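Undergrad: Please put together the full structure from these sequences, using the hints given.
Going down the list, the sequences are from chains A and B.
In case it helps, this note's numbering puts the first sequence at residues 1 to 144.
In case it helps, this note's numbering puts the second sequence at residues 145 to 532.
In case anyone wonders, no lab produced these hints; they're calculated from the structure.
Among the hints, a few may not be true.
Coverage of chain A stretches by chain B, computed from C-beta distances (three or more under 8 Å per stretch; other residues unrestricted) [unchecked claim]: (1) 27-33; (2) 51-65; (3) 110-124.
Cβ pair distances, simulated, as ranges [stated by the list, open to error]: (4) P91/A to G451/B: 27 to 37 Å; (5) G465/B to G19/A: 50 to 60 Å; (6) D98/A to K340/B: 28 to 38 Å; (7) S118/A to E454/B: 22 to 32 Å; (8) G396/B to G33/A: 18 to 28 Å; (9) K34/A to A458/B: 45 to 55 Å; (10) K131/A to K340/B: 57 to 67 Å; (11) L90/A to L320/B: 34 to 44 Å.
Predicted, not measured: the structure shown is a model, and the values here were computed from it.
All residues carry an ideal CB built from backbone N, CA and C; glycine is no exception.
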Amino acid sequence: MAKDKDVRFSKFGTVSFTGVTQVNDFIDYLEQGKIMGTVCKDCGQKFFPPRAQCYKSLSSNMDWFEVTGKGKLVSFSTLRYGPTGFTDELPYTIALVDYGDYKVFGRIDPAVSNPDDSLKVGMEMAAKPAKTSNGQLTYVFQPA
Amino acid sequence: MSRVAVIGVGQSTFVRSYPGSIRELAFEAYSEAMKDANIQNSDVDATVMCSAPEYDKQRSPAGVVAEYLGLNPQPTFYVETLCSSSSTGLKLAYSLVASGLHDCVMVLGFQIMSQLTSNESQERMGRGADIQWESTFGTMMPAYYALHAQAHFARYGTKPEDLANIRVKSATYGVLNDRAVYRKPVAHEDFLDPQKMGGPVASPLRVGDCCANADGSSCIIVANEEKAKRFCKKPVWILGVGAASASVNMVGRESLSGLAVGIEAGKQAYKMAGITPKHIDVAEVHDCFTIAEMMAIENLGFAEAGGGPELVRAKETYKEGSIPVNIDGGLLSKGHPIGATGGSQVRTIVRQLRDEADNIQVKDPMFGLVHNIGGVGLYGSVTIFGRE
Ligand SMILES: [Zn+2]
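TA: Okay, structure coming up:
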């Protein structure tokens, strides 16, 4: 029998579809209040979501970096209908935010009221660690 | 390389719930295409089976379907690129014939989606995205296309009414298509009614902006020049095949106001065919959502970027317009049985180029185009057809 599998990633998201990944430290950082991506030590390419390997350098020589500051809202949508496993959280708003060197996909903070009226493409947003309605780890965007 | 022609086309009626199994459903498209080509199973050298897995329980369906249709011992290949599976299958069939390996190849697309609830099938489709970093936020197809719609609105000033124009046009032709799921007319007023087309799904997309899941099958038979001329009075030639891929995760996309795979696959197909968008007489584009047709119109060069709404408003995409688009009702009317969709689009264009399109026939078309997208711009396929 092999050692216990490292399934830390199963703590991420309302429904987790995968638990095992070489970037499982993302979860520990998130628990410490940090949203982290990876950067290739060989070529400097930044990755968010974090990757364990760099296809440009053919290496696994990676460092972690923290997603900080503001990004621009690329787009958003509020779902009134949802897939199995997420319907209890409806409505919720998904969004894509551009930080320049990388983009981040996630949800808008449910505390933001009337997101369809208050959000505008191009506005500045910041990401922060959060918990889902069922107590799983995640991060959310708020207007910055 | 040999020239390659389509010599037979078929599709089942697309329905909300097919009362049978995938092999029985596949038979419906197969039998129509075989009669259309007027050939025997012994004339078919190989089959390419196309569907997206996990909507029914059957694993490795290629073998089951090939056996049921009496297509053993010919080799069979299973191809999957989500919603563009049968267009990808057609590209494989084209390659098998053009290379000289086979003379005649059948592409069969099929999908039964009705065994799942709508929420379950959204979950399956959501897992066609990045399950590690995106699906876990509760994404689904309409929401991804909604992100593209929002970006198109912000960049070009596009309005919900511009998208509604596309649905109204599709329904005009859906009424005429006895193979379509949705055959009722749609008026702009229906988008004001939250009980009808105006019901919110994923802002800014509404019920009327979305196609329905469906069960269906399609079948396309291709052959080399020698066999095509022997079997077929009106071969329709495949002149250009383009295909592309893009990042699964939205974070890898340069822009959300168009689909890069549509642009890239289109460029390849136009170049190979040696023609430009102006030469296309009739087109089938991937309209799983109204915004998808809007982006396709622009990405394929029928309008410039941001010019789609005006082209649609001027009714240039109607049968009498300068570039008729989806005048079989499109996926918005026909329904979208994932693996069968591309083959149904091809069937429509082949019938147009043979002058056999009945009440939707455009006048004397020379060139037709099929644009089929898998996932949310994850896979793109553009095929250009021409008559003799
Ligand atoms: Zn590198």
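Undergrad: Can you tell me whether the CB distance of G396/B to G33/A sits inside 18 to 28 Å?
TA: 27 Å, holds
Undergrad: How about the segment 51-65 of chain A: do at least three of its residues have a C-beta closer than 8 Å to a C-beta of chain B?
TA: It is violated: at least three residues are needed, and the segment 51-65 of chain A offers just 0 whose Cβ sits closer than 8 Å to chain B.
Undergrad: Go ahead and decide if the range 34 to 44 Å is satisfied by the Cβ distance of L90/A to L320/B.
TA: Holds: the Cβ-Cβ distance is about 37 Å, inside 34 to 44 Å.
Undergrad: Between the beta carbons of S118/A and E454/B, is the distance compatible with 22 to 32 Å?
TA: Once the Cβ atoms are compared, 30 Å apart, the range 22 to 32 Å for E454/B and S118/A holds.
Undergrad: For the segment 27-33 of chain A, do three or more residues have a beta carbon lying closer than 8 Å to a beta carbon of chain B?
TA: Three-residue rule not met by the segment 27-33 of chain A, so violated; n is 0.
Undergrad: Starting from the hint 50 to 60 Å, judge whether the C-beta atoms of G465/B and G19/A obey it.
TA: Holds, at about 52 Å.
Undergrad: Does the hinted range 28 to 38 Å hold for D98/A and K340/B at CB?
TA: 36 Å, holds
Undergrad: Mind checking the hinted window 45 to 55 Å against the Cβ distance between K34/A and A458/B?
TA: 53 Å, holds
Undergrad: Could you see if the CB distance from K131/A to K340/B stays within 57 to 67 Å?
TA: 38 Å, violated
Undergrad: Residue count check for the segment 110-124 of chain A against chain B: does it reach three with CB-CB under 8 Å?
TA: holds (count 4)
Undergrad: When you take the CB atoms of P91/A and G451/B, is the distance between them in 27 to 37 Å?
TA: 33 Å, holds
Going down the numbered hints, you'll see the structure goes against 1, 2, 10, while the others check out.
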